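Chemist: So you can see what is in the structure, the chains are spelled out below.
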Amino acid sequence: MQIATKFLGLKDIDEKKIIEFAEGILGFPEIKRYVLFPYAETPFLFLQAVEHTDLCFVLLDPCLISDDYVQEVLAETAGSFGAAEPLIYVLVSVDEEKAEVRVNLQAPIIMQAEGKTAGQTVLTKKDYPVAYVLPKPLKEGV
Amino acid sequence: MLILTRKINESLMLDDDIEIKVLQVNGDQVKLGIEAPAAVKVYRREIYLAIREENKRAGHIELEVLQKLLLPNIKKEKKDCLSLKNEEKRQ
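Those protein sequences? They're chains A and B, same order as listed. Quick note: the first sequence uses the working numbering, first residue -9, plus one each step. Quick note: the second sequence uses the working numbering, first residue 6, plus one each step.
These are calculated hints, taken from the structure and not from any lab test. In this text, all values refer to a predicted model and were calculated from it rather than measured experimentally. Any given hint could be a false lead.
What the hints assert, rightly or not - Calculated lysine-lysine pairs in the PhoX-like style (CA-CA distance at most 20 angstroms, straight line):
{"id": "1", "chain 1": "A", "residue 1": "Lys116", "chain 2": "B", "residue 2": "Lys46"}
{"id": "2", "chain 1": "A", "residue 1": "Lys6", "chain 2": "A", "residue 2": "Lys106"}
{"id": "3", "chain 1": "A", "residue 1": "Lys22", "chain 2": "A", "residue 2": "Lys7"}
{"id": "4", "chain 1": "B", "residue 1": "Lys73", "chain 2": "A", "residue 2": "Lys(-4)"}
{"id": "5", "chain 1": "A", "residue 1": "Lys22", "chain 2": "B", "residue 2": "Lys46"}
{"id": "6", "chain 1": "B", "residue 1": "Lys26", "chain 2": "B", "residue 2": "Lys12"}
{"id": "7", "chain 1": "B", "residue 1": "Lys61", "chain 2": "A", "residue 2": "Lys22"}
{"id": "8", "chain 1": "B", "residue 1": "Lys36", "chain 2": "B", "residue 2": "Lys46"}
{"id": "9", "chain 1": "A", "residue 1": "Lys(-4)", "chain 2": "A", "residue 2": "Lys22"}
{"id": "10", "chain 1": "A", "residue 1": "Lys(-4)", "chain 2": "A", "residue 2": "Lys7"}
{"id": "11", "chain 1": "B", "residue 1": "Lys36", "chain 2": "B", "residue 2": "Lys26"}
{"id": "12", "chain 1": "A", "residue 1": "Lys6", "chain 2": "A", "residue 2": "Lys22"}
{"id": "13", "chain 1": "A", "residue 1": "Lys1", "chain 2": "A", "residue 2": "Lys22"}
{"id": "14", "chain 1": "A", "residue 1": "Lys(-4)", "chain 2": "B", "residue 2": "Lys61"}
{"id": "15", "chain 1": "A", "residue 1": "Lys22", "chain 2": "A", "residue 2": "Lys106"}
{"id": "16", "chain 1": "A", "residue 1": "Lys106", "chain 2": "A", "residue 2": "Lys7"}
{"id": "17", "chain 1": "A", "residue 1": "Lys116", "chain 2": "B", "residue 2": "Lys36"}
{"id": "18", "chain 1": "B", "residue 1": "Lys36", "chain 2": "B", "residue 2": "Lys12"}
{"id": "19", "chain 1": "B", "residue 1": "Lys36", "chain 2": "A", "residue 2": "Lys115"}
{"id": "20", "chain 1": "B", "residue 1": "Lys26", "chain 2": "B", "residue 2": "Lys46"}
{"id": "21", "chain 1": "A", "residue 1": "Lys88", "chain 2": "B", "residue 2": "Lys61"}
{"id": "22", "chain 1": "B", "residue 1": "Lys46", "chain 2": "A", "residue 2": "Lys115"}
{"id": "23", "chain 1": "A", "residue 1": "Lys88", "chain 2": "B", "residue 2": "Lys73"}
What the hints assert, rightly or not - Over 10 angstroms on every C-beta distance to chain A, these chain B residues come out as not near it, computed from the model:
{"id": "24", "residue": "Met6"}
{"id": "25", "residue": "Leu7"}
{"id": "26", "residue": "Asn14"}
{"id": "27", "residue": "Leu17"}
{"id": "28", "residue": "Met18"}
{"id": "29", "residue": "Lys26"}
{"id": "30", "residue": "Asn31"}
{"id": "31", "residue": "Gly32"}
Just so it is clear, CB atoms sit at the ideal spot from N, CA and C, and this is done for glycine as well.
In isolation and in its complexed conformation, chain B is listed as follows (with noise of 0.2 angstroms):
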């Protein structure tokens, strides 16, 4: 890992568009400024790390249990909200 060391507003570029500015310390926590272009995706590691496991867990779902939970709740009926709205201009 590479350790650098850095004073308020100094920051750090990565290649040519990516800058991080250290703001503000206080305590135990510091504020970072992020300048990027739209594409770079920037995210707060935890978040991350939760969203892709959430996903993992989505993407095992078993029908049976769905329907053991949910079904006997559920049933299909149009509602008047934006994105179905949406799905009708699709279809």
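So here's chain A without its partners, still in its complex pose (with noise of 0.2 angstroms):
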């Protein structure tokens, strides 16, 4: 099938890779469908809702912040969304006005490997930042 995406133009997607979030995001519960692309040439990726073309969330694999965060995450979340060993993503937000790109480092987004379900869980055995400001270089080397 063909999707309008906000900043891919028209793509065609393969309905087996939409991603269903059975209970949305915080804030926007009532959208559940979405596919991932990759933002080329940099380590973000696009989560597009499907039905929404307007709607296009950047995640940000945390590997690039912290090893440990995502030890972390992996502990707390392990089997959730029926997955083993899930995939581990952050969104990523700008202001502008602060010049800052920050990621939500205490609500992560949650993927089966397979890539069906996700979700966006909200971490409780420790407090992070919800608007974690991306140092610039991202990281040694990067």
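Work from the hints to combine the two standalone chains into their complex.
Modeler: See below:
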């Protein structure tokens, strides 16, 4: 099927690649179907809502920020969404006035490795920043 | 709003399977214990609101701004870390 995306124009997608967010994303509970696209030449990914062209999140793999964080999230979320070893992403937002790019470490996106189901999990074992400002450069060597 | 008075170690039941117990009162701080099925989500309200707010901001992200702020610094390099390995498995 073909969908209109916010950043990449019209895209052909394989319906099998649609990711089901059974409970949506906090603040967007009604929007449940998304697809992932790579953002070429960057470590970011696009999480585009299938039926809502205007809604496209940008995701980052948190291993670029901290391997310890990834391990902690894996320990807390193993088994959720039917995934023994889920994929973990964090949502990216920007604040143009403050010239900040930031990620939400408290509520990562957890996804089955097969990419069928996913959800946003609020971590409860530890407090992380909801708006962690990415350092520049992202990490040495990146 | 329903208003109830409880003493320490007394609790409330919400439906059949959610218990909220008053564990300790110390000045203006109240320590609560909550027992609920795993599917029930319990958040501190201010964190819940902060996440929702940040999600809204994330949902309105504009690429030009991200590019302007970050792109000179980012180049995709395969990193030897767990989730990128998972990513490879997926593809």
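Chemist: The structure should be examined with respect to each hint, and the outcome stated for every one.
Modeler: Quick rundown of the hints versus the structure:
1. For the given pair, A:Lys116 sits about 16 angstroms from B:Lys46 by alpha-carbon distance, which is consistent with the 20 angstroms threshold.
2. With a C-alpha separation of about 8 angstroms, the suggested pair A:Lys6 and A:Lys106 falls inside the 20 angstroms cut-off, and the hint holds.
3. Annotation: proposed proximity of A:Lys22 to A:Lys7 holds, straight-line Cα distance about 13 angstroms (limit 20 angstroms).
4. With a C-alpha separation of about 18 angstroms, the suggested pairing of B:Lys73 with A:Lys(-4) holds against the 20 angstroms cut-off.
5. Pair hint A:Lys22 plus B:Lys46 holds up; C-alpha atoms about 18 angstroms apart against a cutoff of 20 angstroms.
6. For a cut-off of 20 angstroms, the pair hint linking B:Lys26 to B:Lys12 stands: about 9 angstroms separates their Cα positions.
7. Taking the CA atoms of B:Lys61 and A:Lys22, the gap is near 15 angstroms; set against the 20 angstroms cutoff, the hint holds.
8. Of the supplied pair hints, the one linking B:Lys36 and B:Lys46 holds, its CA atoms being roughly 18 angstroms apart against a limit of 20 angstroms.
9. Restraint check for A:Lys(-4) and A:Lys22: the C-alpha separation of about 17 angstroms stays at or below 20 angstroms, so the hint holds.
10. A threshold of 20 angstroms between alpha carbons decides the hint, and for A:Lys(-4) with A:Lys7 the separation of about 18 angstroms falls inside it, so the pair holds.
11. As the CA atoms of B:Lys36 and B:Lys26 are separated by approximately 9 angstroms, the hinted pair is consistent with the 20 angstroms bound.
12. Of the pairs offered as hints, the one joining A:Lys6 and A:Lys22 holds, with about 15 angstroms between alpha carbons and a cut-off of 20 angstroms not exceeded.
13. Using a Cα cut-off of 20 angstroms, the hinted pair A:Lys1 and A:Lys22 holds, with the two alpha carbons roughly 19 angstroms apart.
14. Simply put, A:Lys(-4) and B:Lys61 have alpha-carbon atoms about 16 angstroms apart, close enough for the 20 angstroms limit, and the pair holds.
15. Annotation: proposed proximity of A:Lys22 to A:Lys106 holds, straight-line Cα distance about 12 angstroms (limit 20 angstroms).
16. With a C-alpha separation of about 7 angstroms, the suggested pairing of A:Lys106 with A:Lys7 holds against the 20 angstroms cut-off.
17. The straight-line distance between the Cα atoms of A:Lys116 and B:Lys36 is roughly 17 angstroms, inside the 20 angstroms bound, and the hint therefore holds.
18. This hinted pair checks out: B:Lys36 and B:Lys12 have alpha carbons roughly 12 angstroms apart, not beyond 20 angstroms.
19. Straight-line distance between C-alpha atoms of B:Lys36 and A:Lys115 comes to about 16 angstroms, which keeps the hinted pair within the 20 angstroms bound.
20. Between B:Lys26 and B:Lys46 the alpha-carbon distance is near 17 angstroms, which keeps this suggested pair within the 20 angstroms criterion.
21. A distance of roughly 17 angstroms separates the Cα atoms of A:Lys88 and B:Lys61; the hinted pair therefore holds under the 20 angstroms criterion.
22. At most 20 angstroms may separate the alpha-carbon atoms for a hinted pair to count; B:Lys46 and A:Lys115 meet this at roughly 13 angstroms.
23. Distance restraint check for A:Lys88 and B:Lys73: the Cα-Cα separation of roughly 13 angstroms lies within the 20 angstroms cut-off, and the hinted pair is therefore satisfied.
24. With a least beta-carbon separation of about 24 angstroms from chain A, B:Met6 lies farther than 10 angstroms from that chain, consistent with its non-interface assignment.
25. Listed as a non-interface residue, B:Leu7 keeps its Cβ farther than 10 angstroms from every Cβ of chain A; the least gap is roughly 25 angstroms.
26. Distance to chain A confirms B:Asn14 as a non-interface residue, since its nearest Cβ pair spans about 23 angstroms, more than 10 angstroms.
27. The Cβ of B:Leu17 lies farther than 10 angstroms from every Cβ of chain A, with a closest approach of about 20 angstroms, so its non-interface assignment holds.
28. For B:Met18, the non-interface assignment is confirmed: its Cβ lies about 22 angstroms from the closest Cβ of chain A, beyond the 10 angstroms cut-off.
29. The claim that B:Lys26 is not at the interface with chain A holds, since no C-beta of that chain comes within 10 angstroms of its own (minimum 17 angstroms).
30. Its beta-carbon lying about 20 angstroms from the closest one in chain A, B:Asn31 satisfies the requirement of being farther than 10 angstroms from that chain.
31. A cut-off of 10 angstroms between C-beta atoms confirms that B:Gly32 is not in contact with chain A; the least separation is 22 angstroms.
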